[in-house]
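Q: Take a look at the letters that make up each chain.
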Amino acid sequence: MRAICNKEGFYLSRCGALKMMLADNDQQLKENMVSIEEWMKGDMKGSCLFGQLPKFEDGDLVLYQSNAMLRHLGRKHGAYGKNDCEASLIDMMNDAVEDLRLKYIKLIYQEYETGKEAYCKDLPNHLKPFESVLSKSKSGFLVGDQISFADYNLFDLLLNHKVLCSASLDSFPTLKSYVDKIAARPKIKALLECENFKKLPINGNGKQ
Amino acid sequence: MAPYTLTYFPIKGRCGALKMILADNEQQLKEKLVTKEEWMKSDTKGSYLFGQLPKFEDGDLVLYQSNAILRHIGRKHGAYGKNDCEASLIDMMNDAVEDLRMKYIKLIYQEYETGKEAYCKDLPNHLKPFESILSKSKSGFLVGDQISFADYNLFDLLLNNKVLCSTFLDSFPTLKSYVDKIAARPKIKALLECENFKKLPINGNGKQ
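If you read the protein sequences in the order shown, they are chains A and B. Okay, so the first sequence: first residue is 1 according to the UniProt record's numbering, each after it adds one. Okay, so the second sequence: first residue is 1 according to the UniProt record's numbering, each after it adds one.
A portion of the hints provided could be inaccurate.
As the list claims (entries may be wrong) - Label pairs and their computed distance ranges (CB to CB):
#, chain 1, residue 1, chain 2, residue 2, range
1, B, Cys-120, A, Ala-190, 44 to 52 Å
2, A, Lys-106, B, Lys-45, 20 to 28 Å
3, A, Glu-38, B, Pro-124, 41 to 49 Å
4, B, Gln-208, A, Lys-103, 24 to 32 Å
5, A, Glu-38, B, Met-40, 43 to 51 Å
6, A, Phe-197, B, Asn-83, 31 to 39 Å
7, B, Lys-128, A, Glu-38, 16 to 24 Å
8, B, Lys-128, A, Thr-114, 31 to 39 Å
9, B, Lys-36, A, Asp-99, 15 to 23 Å
10, B, Glu-37, A, Asp-122, 20 to 28 Å
11, B, Glu-37, A, Glu-57, 27 to 35 Å
12, A, Lys-136, B, His-77, 26 to 34 Å
13, A, Thr-114, B, Gln-208, 44 to 52 Å
Stated by the list, open to error - Below, simulated EDC-like cross-link-like pairs (lysine to aspartate or glutamate); rule was C-alpha separation at most 20 Å, straight line:
#, chain 1, residue 1, chain 2, residue 2
14, A, Lys-198, A, Asp-43
15, B, Lys-136, B, Asp-180
16, A, Lys-76, B, Asp-84
17, A, Lys-138, B, Asp-60
18, A, Lys-106, B, Asp-180
19, B, Lys-76, A, Glu-86
20, A, Lys-136, B, Asp-60
21, A, Lys-76, B, Asp-180
22, A, Lys-45, B, Asp-122
23, A, Lys-82, B, Asp-58
24, B, Lys-82, A, Asp-60
25, B, Lys-181, B, Asp-145
26, B, Lys-103, A, Glu-86
27, B, Lys-45, A, Glu-31
28, A, Lys-45, B, Asp-145
29, A, Lys-106, B, Glu-111
30, A, Lys-128, B, Asp-43
31, B, Lys-128, A, Asp-43
32, B, Lys-136, A, Asp-122
33, B, Lys-45, A, Asp-43
I should point out that these hints are in silico values taken from the structure, not numbers from a laboratory. From the three backbone atoms N, C-alpha and C, an ideal C-beta is built for every residue, glycine too.
My request is simple: use the sequences and hints to build the entire structure.
A: Shown next as C-alpha cells:
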C-alpha cells in the first residue's frame with residue numbers, strides 16, 4: 001500500500017495522472033492531506049527533501065517530484081513500454097507533456113486574468129504534435145501498443161484544458177477520441193465519477 | 001561510424017551533460033549545428049516534432065527532449081542505477097536538477113540584468129538539498145555506488161553556476177569536491193579541455 005502526502009491533496013494539481021494510473025491498476029492509495037495552514041508553518045516543508053510536495057511512499061522508498069513518481073509506477077505496473085526504445089520514446093512524450101503542464105501552471109498561478117485568452121488561442125500549436133503522434137498510432141496510445149504513464153499524464157492535462165479552454169479539442173478529432181477512450185476505461189471512469197475525486201479543485205488557487 | 005548524432009545550436013545549452021556522459025563512455029558523437037538564422041526560417045522549426053532542439057539520433061531512434069536523451073544514454077551505458085529503486089531515486093534527483101536548470105535558464109534569458117544578484121543570493125537554498133544528499137553518500141554520487149545521468153546533469157549545471165555566481169560553492173564543501181572529482185575523471189577532463197567544447201558559449205544569448 002502506498003501513501004502520498006499532498007498539500008495538493010486538497011487539489012488535483014500534479015497528482016491527477018498518478019492517481020489515474022494507480023486506479024487503473026487496482027492499487028490502493030493512502031492519502032495524507034496537508035493543509036495550506038500547516039504547510040505555511042514550515043516544519044513539513046523543511047522535512048521535504050526539496051521543500052516541495054507531493055511526497056510518495058512505497059514501503060521504504062520515499063520519492064519527491066511528480067514525474068519521478070509516474071516513472072516509478074510506470075516501471076512497476078507495465079506502463080513504461082515493452083523495451084528500452086519504447087521507454088525512451090515514452091520519456092520524450094512525458095517531457096513534452098510536462099512542458100505544456102508548466103505553461104498551464106504558469107497561466108493558472110501567475111497570469112490567469114490577463115493571459116487566459118492568449119493562452120487558449122496559442123494552445124492548438126502545442127496540441128498539434130500530440131494530435132500528429134496519436135493519429136499515426138495503431139494502438140491509439142502515444143507509444144507502442146499499451147497505455148503508458150505519459151498517456152495518463154497527457155489525458156489528465158487535456159482534462160484540465162477542457163475546463164480552461166472549453167472548445168480546445170474541437171479541432172483535434174484524434175485527441176478528442178483519445179480522451180473519450182481513456183475516460184471510458186472502467187477504472188478510470190469509476191475514479192472520475194467518485195465523489196472524493198470529483199470534489200477536488202484542480203488547482204491550489206481555485207482558478208481553472 | 002558514429003552511432004549517435006546530435007542536432008543542436010552551436011552552444012553548450014541543454015547538451016552539456018549528454019556530451020559528458022558520452023565522452024565518459026568513449027562514445028562518438030556526430031554533431032550537426034543549426035545556426036540562429038537557419039532556425040528562424042519557419043520551415044526548419046516545423047520539421048522537429050515539438051518544434052525544439054536538441055534532436056538526438058541513435059540509429060533509427062529519433063529523440064527530442066534533453067532529459068529523455070539523458071535517460072536513453074543512461075539506460076544504454078549503465079548510468080541509471082543498478083535496480084528499479086535506484087532508478088526512481090535517480091529520476092527524482094534529475095528532476096530536481098531540471099527544476100534548478102529552469103530557474104537558471106529563466107534568469108539567463110529573461111532577467112539577467114535585473115535578477116542576477118537576487119538569483120545568486122537565493123542559489124544556496126536550492127543547493128542545500130544536493131549538499132545534504134551528497135554528504136550522506138558513501139560513493140560520492142547522488143544515488144547508489146555509481147555515477148548516473150543525474151550526476152552529469154548536476155555537474156554541468158554547477159559549472160554553469162560557477163561562471164554566473166562565482167563563489168557560491170565556497171559554502172558547500174561537499175558540492176565543491178563533487179565538482180572537482182567529476183572534473184578530474186580523465187575523459188571528462190579531456191572533454192573540458194578540448195577546444196571544440198571550450199569555445200562553445202554556454203547560452204544562446206551570450207550571457208553567462
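Q: For a quick check of understanding: which of the numbered hints are violated here, in increasing order?
A: 3, 11, 13, 14, 18, 21, 26, 27, 28, 32 and 33
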